[in-house]
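Letter by letter, the chains look like this.
2 protein chains.
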Amino acid sequence: MSKISRRGFLFGGAAATGALVSASAGAAVGASLGAEAATEAANKANLTAVLKRRERFFGQHQNGIETELQTFTNFVAFDLKPETDAAAAARWFKLITDDIARLSVGEAPLADPTPQLAMGPARFTATLAVGPGFFDKLGLADKKPTGFEQLPAFNVDQLREEYSYGDVLLHISADDPIILSHGVRSLVRDSVGFAKVRYSQQGFSNAQGVVPGGVRQRNLMGQVDGTDNPEIGSSDFNNIVWVENGPDWLIGGTFLVFRRIAMQLGTWDALGRTDKELVIGRNLQNGAPLGKQNENDPIDFDAVDANGLKLIPEFAHIRRAHATNPTERIFRRPFNYEVGVTPDGEPDVGLLWTAYQRDISTQFLPIQKRLDQLDLLNKWTVPIGSAVWAVLPGVEQSANGDYLGKKLFQ
Amino acid sequence: MSKISRRGFLFGGAAATGALVSASAGAAVGASLGAEAATEAANKANLTAVLKRRERFFGQHQNGIETELQTFTNFVAFDLKPETDAAAAARWFKLITDDIARLSVGEAPLADPTPQLAMGPARFTATLAVGPGFFDKLGLADKKPTGFEQLPAFNVDQLREEYSYGDVLLHISADDPIILSHGVRSLVRDSVGFAKVRYSQQGFSNAQGVVPGGVRQRNLMGQVDGTDNPEIGSSDFNNIVWVENGPDWLIGGTFLVFRRIAMQLGTWDALGRTDKELVIGRNLQNGAPLGKQNENDPIDFDAVDANGLKLIPEFAHIRRAHATNPTERIFRRPFNYEVGVTPDGEPDVGLLWTAYQRDISTQFLPIQKRLDQLDLLNKWTVPIGSAVWAVLPGVEQSANGDYLGKKLFQ
Chain A
1 MSKISRRGFL
11 FGGAAATGAL
21 VSASAGAAVG
31 ASLGAEAATE
41 AANKANLTAV
51 LKRRERFFGQ
61 HQNGIETELQ
71 TFTNFVAFDL
81 KPETDAAAAA
91 RWFKLITDDI
101 ARLSVGEAPL
111 ADPTPQLAMG
121 PARFTATLAV
131 GPGFFDKLGL
141 ADKKPTGFEQ
151 LPAFNVDQLR
161 EEYSYGDVLL
171 HISADDPIIL
181 SHGVRSLVRD
191 SVGFAKVRYS
201 QQGFSNAQGV
211 VPGGVRQRNL
221 MGQVDGTDNP
231 EIGSSDFNNI
241 VWVENGPDWL
251 IGGTFLVFRR
261 IAMQLGTWDA
271 LGRTDKELVI
281 GRNLQNGAPL
291 GKQNENDPID
301 FDAVDANGLK
311 LIPEFAHIRR
321 AHATNPTERI
331 FRRPFNYEVG
341 VTPDGEPDVG
351 LLWTAYQRDI
361 STQFLPIQKR
371 LDQLDLLNKW
381 TVPIGSAVWA
391 VLPGVEQSAN
401 GDYLGKKLFQ
Chain B
1 MSKISRRGFL
11 FGGAAATGAL
21 VSASAGAAVG
31 ASLGAEAATE
41 AANKANLTAV
51 LKRRERFFGQ
61 HQNGIETELQ
71 TFTNFVAFDL
81 KPETDAAAAA
91 RWFKLITDDI
101 ARLSVGEAPL
111 ADPTPQLAMG
121 PARFTATLAV
131 GPGFFDKLGL
141 ADKKPTGFEQ
151 LPAFNVDQLR
161 EEYSYGDVLL
171 HISADDPIIL
181 SHGVRSLVRD
191 SVGFAKVRYS
201 QQGFSNAQGV
211 VPGGVRQRNL
221 MGQVDGTDNP
231 EIGSSDFNNI
241 VWVENGPDWL
251 IGGTFLVFRR
261 IAMQLGTWDA
271 LGRTDKELVI
281 GRNLQNGAPL
291 GKQNENDPID
301 FDAVDANGLK
311 LIPEFAHIRR
321 AHATNPTERI
331 FRRPFNYEVG
341 VTPDGEPDVG
351 LLWTAYQRDI
361 STQFLPIQKR
371 LDQLDLLNKW
381 TVPIGSAVWA
391 VLPGVEQSAN
401 GDYLGKKLFQ
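If you're matching them up, the sequences are chains A and B in order.
Each residue of the first sequence is one higher than the last, beginning at 1 in the UniProt record's numbering.
Each residue of the second sequence is one higher than the last, beginning at 1 in the UniProt record's numbering.
Any given hint might turn out to be false.
[To be verified] Calculated cross-link-like contacts (lysine-lysine; reagent style DSSO-like; alpha-carbon spacing at most 27 Å):
#1 A:K144 - A:K81
#2 B:K196 - B:K137
#3 B:K137 - A:K52
#4 A:K137 - A:K379
#5 B:K369 - B:K407
#6 A:K379 - B:K196
#7 A:K196 - B:K379
#8 B:K137 - B:K379
#9 A:K196 - A:K52
[Stated by the list, open to error] Now the in silico label distances, taken between C-beta atoms and shown as ranges:
#10 A:P82 - B:R332: 42 to 52 Å
#11 A:G193 - B:D348: 47 to 57 Å
#12 A:E83 - B:A111: 36 to 46 Å
#13 B:L365 - A:T342: 26 to 36 Å
#14 A:T342 - B:L110: 45 to 55 Å
#15 B:T267 - A:E161: 50 to 60 Å
No wet-lab data here; the hints were simulated from the structure.
Backbone N, C-alpha and C define an ideal beta-carbon position, used for all residues, glycine too.
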């Protein structure tokens with residue numbers, strides 16, 4: 001197509017149809033290629049620490065779990081299209097695997113229309129998981145893990161469809177919001193042939209480097225969050241999180257419970273500090289259990305004050321959340337969300353709360369049932385979204401044609 | 001109130017009314033004060049560069065304008081309540097001035113229910129501005145700048161009320177999302193007695209340190225954005241931005257045009273690189289005008305190729321945006337927004353675009369009128385929000401009882 005007719009075509013409106021193919025780079029573009037290369041070199045020399053940091057993609061487990069919180073996150077869930085069968089889903093997961101491998105090292109995916117935005121890894125991770133409906137819709141019922149269903153209804157729940165459920169999850173995170181946006185867009189583009197986007201839930205944690213040493217991230221209630229988590233990489237962590245026995249396609253994977261938990265900050269803020277600490281059972285400043293000095297001190301649930309009253313009340317969150325059975329443990333990785341504010345100034349904020357475990361029925365569920373029965377914190381926290389996900393194991397290497405979920409389709 | 005009755009009160013449900021006042025810190029809290037002080041000291045020692053950086057608040061001009069883009073931003077607009085008169089508005093602005101001064105140095109505002117989240121300045125800025133309705137509603141019509149009204153309707157506009165207009169603006173930014181969230185919440189809390197929140201529009205730019213040297217931020221179309229801006233602090237900048245002649249309360253202030261511009265990325269992505277460059281008139285990689293080498297090279301609008309065709313087409317954005325009259329210049333400070341994605345994968349993204357100038361009618365308007373008549377970029381960019389704001393001058397110092405907008409009320 002000549003340059004003249006191309007311009008007419010462009011201006012005539014057909015450009016928006018996507019039918020236009022650029023015939024050549026053109027003289028105007030060529031003229032600045034030298035300067036462009038120089039800029040590129042300067043860019044690379046100036047890549048900063050935030051941009052350069054990267055999380056390994058290939059390995060026994062997917063990334064995005066044993067990973068220090070990134071600053072930005074997006075939980076993108078999909079519903080399979082009726083015409084997508086298991087063979088199509090396999091093609092989708094193969095495509096996605098290649099995309100994630102590239103984005104994780106800061107490269108643009110194949111055929112990326114905006115490769116300029118692949119500025120670096122910035123600890124990009126994308127974690128692929130499947131929901132209960134995935135197996136039924138694709139005729140893979142024999143592969144479905146025993147008892148893998150959405151959570152039972154809880155009294156505290158006020159679940160909304162638009163924040164809940166789904167057949168496939170891409171949980172995508174990075175330390176830079178533009179790199180995250182580009183990654184989400186790339187992965188969604190390669191997914192919409194196979195599935196509809198059900199929701200995209202954006203969240204955040206502190207900017208990289210902002211968490212002062214020795215103190216974990218705080219949530220928007222001001223509490224230190226994530227205390228009592230197993231240490232990443234420890235045998236404790238591995239025993240809590242990774243599936244060892246189960247369907248072969250899931251060995252090295254894990255189960256994810258996702259909860260969107262709205263915070264009623266207006267009424268929470270009206271409480272004094274002492275009341276907040278009684279509700280939680282921890283010191284607001286450093287996260288120490290009441291009556292103790294430090295965040296990680298063992299909790300003494302029997303300690304009483306001079307009046308014989310328990311230092312940690314019966315209704316306190318940590319008393320109800322605490323597992324007396326050592327198998328009832330989970331790994332949490334919560335992000336914050338903020339959508340807006342009402343005319344009266346009530347912020348629409350909360351947690352995109354996640355728990356990882358090898359068995360939801362024996363780890364998350366007993367804890368949640370206790371919290372549902374009695375936890376004063378329920379007054380200020382309302383679950384409005386919920387989903388369960390089977391997180392696929394990792395991909396050992398790309399050279400052998402492996403891809404995420406390959407064993408699901410064999 | 002005894003501890004026993006306090007607990008009963010708390011558990012009984014009245015806690016949520018805000019009526020509860022903590023009588024004392026309590027034994028459980030006191031026990032961990034030593035450890036708390038130690039944690040605090042460790043925190044301060046570990047403050048990182050991102051957290052420590054701060055923007056001066058006191059001065060001739062407000063901050064948030066001559067400021068390198070922060071990573072996160074929120075444009076919070078308010079509508080005055082009918083009962084708010086000029087005296088009440090003055091009290092509001094006094095309160096807000098004190099809040100901003102504290103937040104800018106990383107301190108919690110007075111009576112902050114969550115001072116734990118005031119972790120550091122992180123380049124926090126909040127800029128206070130008033131809209132045309134402010135003067136009419138408060139009986140201050142004599143103070144209203146001549147011709148200060150919402151923009152005329154443009155052909156390209158598809159404005160939505162929920163993204164447009166307002167009586168008072170707080171434009172709040174920081175390099176950390178939790179610090180921003182805390183700052184927004186603090187300022188909104190101290191505002192809702194006087195006004196209703198009309199909207200809160202969140203945006204972002206690259207994480208701090210991520211912009212590679214020599215190249216400006218890119219928007220989500222992949223373009224380098226902000227070329228041709230006057231250099232911050234130069235006499236050129238000062239002449240373009242700061243009001244020198246006008247109402248005395250506005251000397252040292254500026255006018256802000258805000259536009260929420262939606263990007264049609266699906267169809268934009270379907271264009272090839274050459275076509276995108278013809279639409280913009282610049283090299284996509286380094287921002288150089290077509291036919292030139294570098295971003296800041298002078299534009300040659302007459303250059304032609306071997307076919308006699310202009311290198312920069314008649315419809316190109318930079319040809320239409322370019323001012324032939326030297327007075328038609330503005331200072332732009334655009335952030336990106338991303339709200340979500342449609343089921344078919346179309347991202348709801350765009351720009352929270354801002355232009356600062358001392359006179360909207362002679363600077364922004366002539367440019368916008370040209371773009372409205374003919375700019376091929378209009379096919380992929382739709383203004384869906386709009387507002388004009390008179391940005392108050394700065395506060396020289398706090399000791400003399402000065403506050404933002406004081407001269408408005410005298």
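Problem - Numbers of unmet hints, in rising order - result: 3, 4, 5, 8, 9, 11, 12, 14, 15
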